[in-house]
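Visitor: Chains as they are written, first to last, in my numbering: chain A, 3 to 307; chain B, 3 to 307; chain C, 3 to 307.
Please note: incorrect hints may appear among the correct ones.
Note that the list lumps identical chains together, so a pair holds whenever it fits in one copy or between two copies.
[Stated by the list, open to error] Keeping only pairs whose Cα atoms sit at most 27 Å apart, straight-line, the calculated DSSO-like set for lysine-lysine is:
| id | residue 1 | residue 2 |
| --- | --- | --- |
| 1 | 158 | 231 |
| 2 | 113 | 4 |
| 3 | 59 | 4 |
| 4 | 71 | 113 |
| 5 | 4 | 71 |
Simulated from the structure, these hints should not be mistaken for laboratory data.
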Amino acid sequence: MKLDSIKSALLASYETDGGINHLDGVNLPSQESVNEIARDCMHLLFPGYFEERRLAKKDVPGLVDTLLKRIGTRLEVEVEKSLRFSKDPHPGTHARAVTMEVLGKLPELRKAIRTDVEAAYRGDPAARSNEEIIMAYPCVLAISLQRFAHELYELKVPILPRMITEFGHERTGIDIHPGARIGTHFFIDHGTGVVIGETATIGSHVKLYQGVTLGAKSFEVDNQGNPVKGVKRHPDIGDNVTIYAHATILGGDTYIGANSVVGGNVWLLESVPANSIAYFKSDDLIIRPRQRKEVLVGYIEDWVI
Amino acid sequence: MKLDSIKSALLASYETDGGINHLDGVNLPSQESVNEIARDCMHLLFPGYFEERRLAKKDVPGLVDTLLKRIGTRLEVEVEKSLRFSKDPHPGTHARAVTMEVLGKLPELRKAIRTDVEAAYRGDPAARSNEEIIMAYPCVLAISLQRFAHELYELKVPILPRMITEFGHERTGIDIHPGARIGTHFFIDHGTGVVIGETATIGSHVKLYQGVTLGAKSFEVDNQGNPVKGVKRHPDIGDNVTIYAHATILGGDTYIGANSVVGGNVWLLESVPANSIAYFKSDDLIIRPRQRKEVLVGYIEDWVI
Amino acid sequence: MKLDSIKSALLASYETDGGINHLDGVNLPSQESVNEIARDCMHLLFPGYFEERRLAKKDVPGLVDTLLKRIGTRLEVEVEKSLRFSKDPHPGTHARAVTMEVLGKLPELRKAIRTDVEAAYRGDPAARSNEEIIMAYPCVLAISLQRFAHELYELKVPILPRMITEFGHERTGIDIHPGARIGTHFFIDHGTGVVIGETATIGSHVKLYQGVTLGAKSFEVDNQGNPVKGVKRHPDIGDNVTIYAHATILGGDTYIGANSVVGGNVWLLESVPANSIAYFKSDDLIIRPRQRKEVLVGYIEDWVI
Numbered sequence: 003m004k005l006d007s008i009k010s011a012l013l014a015s016y017e018t019d020g021g022i023n024h025l026d027g028v029n030l031p032s033q034e035s036v037n038e039i040a041r042d043c044m045h046l047l048f049p050g051y052f053e054e055r056r057l058a059k060k061d062v063p064g065l066v067d068t069l070l071k072r073i074g075t076r077l078e079v080e081v082e083k084s085l086r087f088s089k090d091p092h093p094g095t096h097a098r099a100v101t102m103e104v105l106g107k108l109p110e111l112r113k114a115i116r117t118d119v120e121a122a123y124r125g126d127p128a129a130r131s132n133e134e135i136i137m138a139y140p141c142v143l144a145i146s147l148q149r150f151a152h153e154l155y156e157l158k159v160p161i162l163p164r165m166i167t168e169f170g171h172e173r174t175g176i177d178i179h180p181g182a183r184i185g186t187h188f189f190i191d192h193g194t195g196v197v198i199g200e201t202a203t204i205g206s207h208v209k210l211y212q213g214v215t216l217g218a219k220s221f222e223v224d225n226q227g228n229p230v231k232g233v234k235r236h237p238d239i240g241d242n243v244t245i246y247a248h249a250t251i252l253g254g255d256t257y258i259g260a261n262s263v264v265g266g267n268v269w270l271l272e273s274v275p276a277n278s279i280a281y282f283k284s285d286d287l288i289i290r291p292r293q294r295k296e297v298l299v300g301y302i303e304d305w306v307i
Numbered sequence: 003m004k005l006d007s008i009k010s011a012l013l014a015s016y017e018t019d020g021g022i023n024h025l026d027g028v029n030l031p032s033q034e035s036v037n038e039i040a041r042d043c044m045h046l047l048f049p050g051y052f053e054e055r056r057l058a059k060k061d062v063p064g065l066v067d068t069l070l071k072r073i074g075t076r077l078e079v080e081v082e083k084s085l086r087f088s089k090d091p092h093p094g095t096h097a098r099a100v101t102m103e104v105l106g107k108l109p110e111l112r113k114a115i116r117t118d119v120e121a122a123y124r125g126d127p128a129a130r131s132n133e134e135i136i137m138a139y140p141c142v143l144a145i146s147l148q149r150f151a152h153e154l155y156e157l158k159v160p161i162l163p164r165m166i167t168e169f170g171h172e173r174t175g176i177d178i179h180p181g182a183r184i185g186t187h188f189f190i191d192h193g194t195g196v197v198i199g200e201t202a203t204i205g206s207h208v209k210l211y212q213g214v215t216l217g218a219k220s221f222e223v224d225n226q227g228n229p230v231k232g233v234k235r236h237p238d239i240g241d242n243v244t245i246y247a248h249a250t251i252l253g254g255d256t257y258i259g260a261n262s263v264v265g266g267n268v269w270l271l272e273s274v275p276a277n278s279i280a281y282f283k284s285d286d287l288i289i290r291p292r293q294r295k296e297v298l299v300g301y302i303e304d305w306v307i
Numbered sequence: 003m004k005l006d007s008i009k010s011a012l013l014a015s016y017e018t019d020g021g022i023n024h025l026d027g028v029n030l031p032s033q034e035s036v037n038e039i040a041r042d043c044m045h046l047l048f049p050g051y052f053e054e055r056r057l058a059k060k061d062v063p064g065l066v067d068t069l070l071k072r073i074g075t076r077l078e079v080e081v082e083k084s085l086r087f088s089k090d091p092h093p094g095t096h097a098r099a100v101t102m103e104v105l106g107k108l109p110e111l112r113k114a115i116r117t118d119v120e121a122a123y124r125g126d127p128a129a130r131s132n133e134e135i136i137m138a139y140p141c142v143l144a145i146s147l148q149r150f151a152h153e154l155y156e157l158k159v160p161i162l163p164r165m166i167t168e169f170g171h172e173r174t175g176i177d178i179h180p181g182a183r184i185g186t187h188f189f190i191d192h193g194t195g196v197v198i199g200e201t202a203t204i205g206s207h208v209k210l211y212q213g214v215t216l217g218a219k220s221f222e223v224d225n226q227g228n229p230v231k232g233v234k235r236h237p238d239i240g241d242n243v244t245i246y247a248h249a250t251i252l253g254g255d256t257y258i259g260a261n262s263v264v265g266g267n268v269w270l271l272e273s274v275p276a277n278s279i280a281y282f283k284s285d286d287l288i289i290r291p292r293q294r295k296e297v298l299v300g301y302i303e304d305w306v307i
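Chain A on its own, in the form it takes in the complex (with noise of 0.2 Å):
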C-alpha cells in the first residue's frame, strides 16, 4: 500500500520536476561502455602493463587486433549517441569518422604519453622505475585519458570526452578538462585535488603538485542569467614552469611565463613573467609558543590563535 503511493507521487514527480529526467529522449552515452573504453584505451597504449599474464611479443598484434575492433565497435555507438544528443544531421556518418580519426591518433598520443613517463621518472626520487610509474602513479591514468579523451572534444563530441576524463577524475582525484591543451613531458605529482580548466593551455616539461588549480575567476552571462559558454577563462602556463601544492591560479589573462616557480597554497590571481618565483612572504608567518589556556585539560583548544 505504502509503497504504492510512494511509487505514484515519484512517477508524478517525474512529470512535474522535469529537467532530471531523461525519459523517450535520445539515448546517453552508456556508463558502462565509456569505463570499458578508458580501460581497453590504457591497454592500447601501455601493451604489456595491464594484462593479467605476461604478454609476449607474438601475442601483440593479436591482442591489437581485439582492442582496437572492441574500442572502434563501442566508441562508434557513444560517439553517435552524443552526437545525436547535439541534433547532428548525419549522426551516423559522423560517429564513424570521428571514431577512425580519434584510433589514428593513438600512436601520436603514445608519444606525449612516453613524455609524460620520463617526465615522471626525473621529477620524482620516489619512482624508482618506469614500471612502477605506470603501474602505480595515478597522473597516468589521468592524463593518458585526458590527452584521448581532448582529440573528442576537438572534434566537437558533446558529453562523452567530459565522462572519459572523468572516469579517470573519480579513480586519481585529477580533474583535467578534456579542453585544457597541454605540452610535452607533463608530470602531476600524487595529484590528489588537481584541477585545469577548459581553456587553459599548458606548456612542455610543466611539473604540477596535488591540490593545484588552474581556474576561472570570472565569468560572463547572458541577459537570462547563464553564462556565457566557450570564452577563455583559465589560465596559460608556460614551459618548464613548476606549480606547487594547492597553489590557486585564476583567469583567462594569467599567465605564468617560462622557468618560473610557484610556491605552495598561493593565491595568485596575476601574471608571473618568465623565469621568477612567487611565493607569500614568511615573516606573515607566526611561530610561536602555545599559550596555556590552548593545552587546557578538559577542553581541546587544538586551535587558538
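Following the hints, put chains B and C in place on chain A, whose structure we already have.
Guide: Using the frame of chain A, we list chains B and C on its own:
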C-alpha cells in the same frame, strides 16, 4: 607449519586486541548492500540517465516498481541492523517505519536535487547541458546521496547514513557529513577535497569550489578525555555565498553572511558580514626573479626563498 | 582497411616508442591480485566487519585459515614477480621468505592499527563508535594498508608496496608512500588530498586533516639529470602534533616539534620547536564590503579585488 603459527598468533591477537574485532556481535550493515542502495537511489532520482538502454516512458512505472521494492527491502534490512546496533528496543518495527518515511521523501528530494543541477548549469560556463552535469559532474552523486542520507540521520539511524555519504566520498572526493543541513541550488564545482562537517548549515544558492573545508576548530572533551559528541562546531553559510578553492573555514560560531565571497586558500576562523569579500592581502605575495643558485645544474633547487 | 592501418601504425609505435611498452619482459604484478590481497588483508585485520554475514566466533578459525592461505599464495606470486623485476638472484626462495615474514607481522600490525581506531574515536566528535570508524572512515583503509605495505618496503620488495598503497589512495584520496615510518595512534580526519612522502617520519598521537602535505622541497640530480633516489627529503613530525587542513610542510630537515600545532593553509619550509603554534598572521586577511562593480548584473565578478 609456519602459516599455522601465524594463524594461532592472529587468533590470539583477536582475543587480546579487541576493539577492532566484531565477533558474535550484532550484524553490521553490509557494504555491498549500501552500494546497491546508493546506485538504485540514483536511478530512481534520475530516471533515464543511468540505464544501459534508452528508457521509454511506458516502461517507467515498471522500473520504479522494481527499484522501489529492491531499495525498500535492502534498506529495511540495513536500517534494522543499524538500530539493533544502537540498542533500539523495537528494531524491526522501527526499521520498517524509517524505511517508509525515507522512501516517502524521495519526491521532495528530487525537487531539491533538481535545483542543484540548475545551479551547476548556471554556475559553470563549462557545463553545456543538464545531461552533461548529471552524467559527469561528481557533485551530483555526492549531494544527492547526502540529501538521502540526511533523512536517515534525522531519524537517528546510526552508522548507515555515514556509510552512504562515504560511498559518495570514495567516488568524488567530496565528504559531506549526513548531519549537514543544506539549502536548495547547491553547487560544488570539481569538488575533490571538499569537507562539510556534521553541524554545518548552508543556505540556498551557495557555490563551493574544490578543497573548501567547513570544519571544527576545537571541541570539548569529557572527564575520560573523549570528545563530547553532538555539539555545534561547524560554520553557518548564508544564501548566495561563493567560496573559492581550498578556503578553510572553521568554528561553530563562524558565520559567512549572505551574498559574501571568500577567496581561495584563506584560513578563516572568524565571521564575515553579509555582502563582504574576504581574501589575503595581495601585497604579501612576492614575485621576483629567480636567483642564480635556484637554477644551478646538478642540484635542482625547485624551491628556494 | 582503415583499422588495419591504425593497427600497423600502433605496432610500429611499439617498436619505436619503447619505454612505455612491457613486452617479453618479466611478468609484472597483477593489479587484480593486488586488489584481492588488499581486500583479504582488511578482512584479516578487522574480523567481523567486512563479511556479508554475521561472523560467529566458532567460524573464525576457518575464516582465518582460508584468508591466510589465499593471501599467502597470491602474495608469494606477486612478490616473486617484483623480485624478478629487480633482478633478485633467488626470487622464488626470497619471495617465500618475505611472504612468511610479512604475514607474521599481522598480529603486531593489528596492535598498531587498534591504536589508530582509538585515536579516531578520541579525535573526532562526529565519530559515535568504533564500528562507525572502521566501516566509514577512509583513514582506516589507507593507514592499515600503508602499515602492511611498509613491511614489504622494508624487505626491499619493489613496485608491489606502492601498488598496495595506491589501492588505498584511489579509494580514499590519501597518498602515503610505503616508505613513511609512522607511530601509533595516527589519525587522519577526512583525508582527501593528504600526501606523506617516502622519507617522512611521524611520531605517535599525530592528527592530520585533509590536504596536509609532508613533501620534498628540492632534490639532487646525478650527472644524467636524473634525481638521486633514496635521499632523506621529507619532514619529521614529533609526538602529539596536530596539523590543520591543507598545510604544506616541505623538506628533509624540517622538523615539527612535539605537542605543536600547525594552522591550516600554511606553507612551511622551516622547523617549528616543540610546544609551538604556527599560523599566518590574521591581520593579512582583508574583510571588506563588496564594491558595486563586483555585483554588477550581466557580468558576474565572482572575484574582484
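Visitor: Determine for every hint whether it applies to the structure shown.
Guide: Going through the hints against the structure:
For the homomeric pair residue 158 and residue 231, the shortest alpha-carbon distance inside one copy (14 Å) is at most 27 Å, but the shortest distance between copies (44 Å) is not. Only between protomers do residue 113 and residue 4 lie at most 27 Å apart by alpha-carbon distance; the minimum there is 21 Å, versus 60 Å within a single protomer. Within a single copy, residue 59 and residue 4 get their C-alpha atoms only as close as 62 Å, which misses the 27 Å cut-off; across copies the closest is 23 Å, which meets it. For a Cα distance limit of 27 Å, the shortest separation of residue 71 from residue 113 inside one copy, 22 Å, qualifies, whereas the shortest one across copies, 43 Å, does not.
Within a single copy, residue 4 and residue 71 get their C-alpha atoms only as close as 50 Å, which misses the 27 Å cut-off; across copies the closest is 11 Å, which meets it.
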